Amino acid sequence: MDQDRIRVQTEDFSTEEETDKIKACSKRIGGIVNFLGTARDFSKGQEINHMFFDHYPGMAEKRLAEIREHALKDYDIIEVTIIHRVGEIAIGDNIVLIIVGAEHRKDAFRACSWCIDELKRITPIWKKETTPEGIVWVEEHP
Amino acid sequence: MDQDRIRVQTEDFSTEEETDKIKACSKRIGGIVNFLGTARDFSKGQEINHMFFDHYPGMAEKRLAEIREHALKDYDIIEVTIIHRVGEIAIGDNIVLIIVGAEHRKDAFRACSWCIDELKRITPIWKKETTPEGIVWVEEHP
Amino acid sequence: MVKVRFFAVLKSLVGKEEVSLDVEEGTTLAQLLEKLKMDLPPLDDILQKGGVLISVNQEVVDREAPIQDGDEIAFLPPFAGG
Amino acid sequence: MVKVRFFAVLKSLVGKEEVSLDVEEGTTLAQLLEKLKMDLPPLDDILQKGGVLISVNQEVVDREAPIQDGDEIAFLPPFAGG
Chain A
1 MDQDRIRVQT
11 EDFSTEEETD
21 KIKACSKRIG
31 GIVNFLGTAR
41 DFSKGQEINH
51 MFFDHYPGMA
61 EKRLAEIREH
71 ALKDYDIIEV
81 TIIHRVGEIA
91 IGDNIVLIIV
101 GAEHRKDAFR
111 ACSWCIDELK
121 RITPIWKKET
131 TPEGIVWVEE
141 HP
Chain B
143 MDQDRIRVQT
153 EDFSTEEETD
163 KIKACSKRIG
173 GIVNFLGTAR
183 DFSKGQEINH
193 MFFDHYPGMA
203 EKRLAEIREH
213 ALKDYDIIEV
223 TIIHRVGEIA
233 IGDNIVLIIV
243 GAEHRKDAFR
253 ACSWCIDELK
263 RITPIWKKET
273 TPEGIVWVEE
283 HP
Chain C
285 MVKVRFFAVL
295 KSLVGKEEVS
305 LDVEEGTTLA
315 QLLEKLKMDL
325 PPLDDILQKG
335 GVLISVNQEV
345 VDREAPIQDG
355 DEIAFLPPFA
365 GG
Chain D
367 MVKVRFFAVL
377 KSLVGKEEVS
387 LDVEEGTTLA
397 QLLEKLKMDL
407 PPLDDILQKG
417 GVLISVNQEV
427 VDREAPIQDG
437 DEIAFLPPFA
447 GG
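Residue numbers (the numbering used here), protein chains in the order written: chain A, 1 to 142; chain B, 143 to 284; chain C, 285 to 366; chain D, 367 to 448.
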């Protein structure tokens, strides 16, 4: 179950398929909040052509699993899925998906927002952006 | 454009299709937050077999369009879709979908959460629940 | 003639989905309600219980609102969408 | 023997993805870093600049952490996932 809920992968994912899996967990689910991060063509005043994500295999998945477990413990929610893509990503493509299913929407919103903040804070994933001026490893993000 | 972004319909919707339409709006979109409300089998200590949504045709769509316009004006976001189903709804089925696309995730979370609160507050839509004890029109919700 | 519509639980409480009636020029919503209560006795209880909003041409209004020929008035019980 | 790994921008700054070296029993991470800086001069600048975390067996640790034979040490520049 867990392995399917936490994934770091090069392939794209289907938000609908993942949402359906969350819905199938429990008929008590009344609110599902998704966060989908996609590749923007512009960052810090700089045009971007494409991007590449590197990660620490094993450690990244471990941190994502911890985030999921903390969210399930700290918020009144039923299930969480976290998927992050790595490798080459084109502009407009999906990067990250976090889905939280809960009985009530407020818990789902809070948990989903916390998960993506925490993902950015503790997960060993790195982004390299290719711009018309060259290649840059991103060092911070808003 | 607007007609497609604001809908009250009996048919189900595809979260993926609607998310793709939002993504197609602008390459500046970096964060998309979805709220999906689904039919729970339990409400206020009462088992539910199925539900039915009534609405005031015309007025309901008008309120949803206003919510969308206010969100676009008050939050730093790029696009909003709001779809509400009416008629018979089985347990586990989709009821409502709100999608907000923004450059940054925090604005998307805030706007999406505001839209669903506001939808519940001002939209003339009513819910009838069928329980083993009979039929009840829901008068308030958490 | 104005059209008066009842939604959701009010449909069954009033026993009607829709009624039409004539209004004199210069009528307010409050005056129309008095007239309606005579035709539809359950309305008295419903309005006293509170929580019901009234719209004129799909905008929620207060009791002082003027009613004109051709208006559509609707009784809206507490919303429960989402 | 311990394995030392470099990720993302550090891979190109150090010019290596991975090195292996022997450690004496009772070595701390701080002592290992001194040893590594001699073999890999760019590391000195990188560590002085700050913002780089170091993990031992996939857990972020401080400089007092003991290093044992078989450990995997990794240099992690600022994260940028999501």
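There's no promise every hint is true.
Covered stretches of chain B, as calculated for chain C (at least 3 residues, CB under 8 angstroms) [as the list claims (entries may be wrong)]:
1) 194-203
2) 260-269
3) 273-281
Quick list of in silico lysine-lysine cross-link-like pairs, DSS-like style, CA-CA up to 27 angstroms [what the hints assert, rightly or not]:
4) D:K415 <-> A:K44
5) A:K106 <-> D:K403
6) B:K248 <-> A:K23
7) D:K382 <-> A:K120
8) C:K287 <-> B:K204
9) B:K204 <-> B:K186
10) C:K319 <-> C:K333
11) B:K270 <-> A:K73
12) C:K300 <-> B:K262
13) A:K120 <-> A:K106
14) D:K403 <-> D:K382
15) B:K270 <-> B:K248
16) A:K23 <-> B:K163
17) B:K262 <-> B:K215
18) B:K165 <-> C:K300
19) A:K128 <-> B:K165
20) A:K23 <-> B:K165
21) B:K270 <-> B:K204
Think of the hints as simulated: they come from the structure by calculation, not from any bench. As the structure is a prediction and not an experimental result, all values here were calculated from the model. Heads up, the beta-carbon is just placed ideally off N, CA and C, and yes, glycines get one too.
Comparing the hints with the structure gives:
For the segment 194-203 of chain B, the assignment as covered by chain C holds, since 7 residues bring a beta-carbon within under 8 angstroms of that chain's beta-carbons and 3 suffice. For the segment 260-269 of chain B, the stated coverage by chain C is satisfied: 9 residues place a CB nearer than 8 angstroms to a CB of that chain, which reaches the threshold of 3. Remark: the segment 273-281 of chain B is confirmed as covered by chain C, as 3 of its residues place a Cβ nearer than 8 angstroms to a Cβ of that chain, reaching the required three. Under the criterion of a C-alpha separation no larger than 27 angstroms, the hint pairing K415 (chain D) with K44 (chain A) is consistent with the structure, at around 22 angstroms.
Among the hinted pairs, K106 (chain A) with K403 (chain D) is inconsistent with the structure: their alpha-carbon atoms are about 50 angstroms apart, more than 27 angstroms. Using a Cα cut-off of 27 angstroms, the hinted pair K248 (chain B) and K23 (chain A) holds, with the two alpha carbons roughly 25 angstroms apart. Taking the CA atoms of K382 (chain D) and K120 (chain A), the gap is about 26 angstroms. The hint holds against a cut of 27 angstroms. A hinted pair counts as satisfied when its Cα atoms are at most 27 angstroms apart, and K287 (chain C) with K204 (chain B) qualifies at roughly 19 angstroms.
In summary, the hint linking K204 (chain B) to K186 (chain B) is not supported, as the alpha carbons are separated by about 30 angstroms, beyond the 27 angstroms threshold. Our distance criterion of 27 angstroms between C-alpha atoms is met by K319 (chain C) and K333 (chain C), whose separation comes to about 18 angstroms. Under the criterion of a C-alpha separation no larger than 27 angstroms, the hint pairing K270 (chain B) with K73 (chain A) is inconsistent with the structure, at around 33 angstroms. Between K300 (chain C) and K262 (chain B), the direct Cα distance comes to roughly 26 angstroms. Compliance with the 27 angstroms bound is thereby established for this hinted pair.
Note on K120 (chain A) and K106 (chain A): the hinted pairing holds, with a Cα-Cα distance of about 22 angstroms set against a maximum of 27 angstroms. This hinted pair checks out: K403 (chain D) and K382 (chain D) have alpha carbons roughly 13 angstroms apart, not beyond 27 angstroms. Distance hint between K270 (chain B) and K248 (chain B) is unfulfilled; the C-alpha atoms sit about 35 angstroms from each other, more than 27 angstroms. Of the pairs offered as hints, the one joining K23 (chain A) and K163 (chain B) holds, with about 23 angstroms between alpha carbons and a cut-off of 27 angstroms not exceeded.
A threshold of 27 angstroms between alpha carbons decides the hint, and for K262 (chain B) with K215 (chain B) the separation of about 20 angstroms falls inside it, so the pair holds. A threshold of 27 angstroms between alpha carbons decides the hint, and for K165 (chain B) with K300 (chain C) the separation of about 45 angstroms lies outside it, so the pair is violated. Between the alpha carbons of K128 (chain A) and K165 (chain B) the distance comes to roughly 22 angstroms, so the proposed pair stays at or under 27 angstroms and holds. For the suggested pair K23 (chain A) and K165 (chain B), the alpha carbons sit about 23 angstroms apart, so the restraint of at most 27 angstroms is met.
The straight-line distance between the Cα atoms of K270 (chain B) and K204 (chain B) is roughly 22 angstroms, inside the 27 angstroms bound, and the hint therefore holds.
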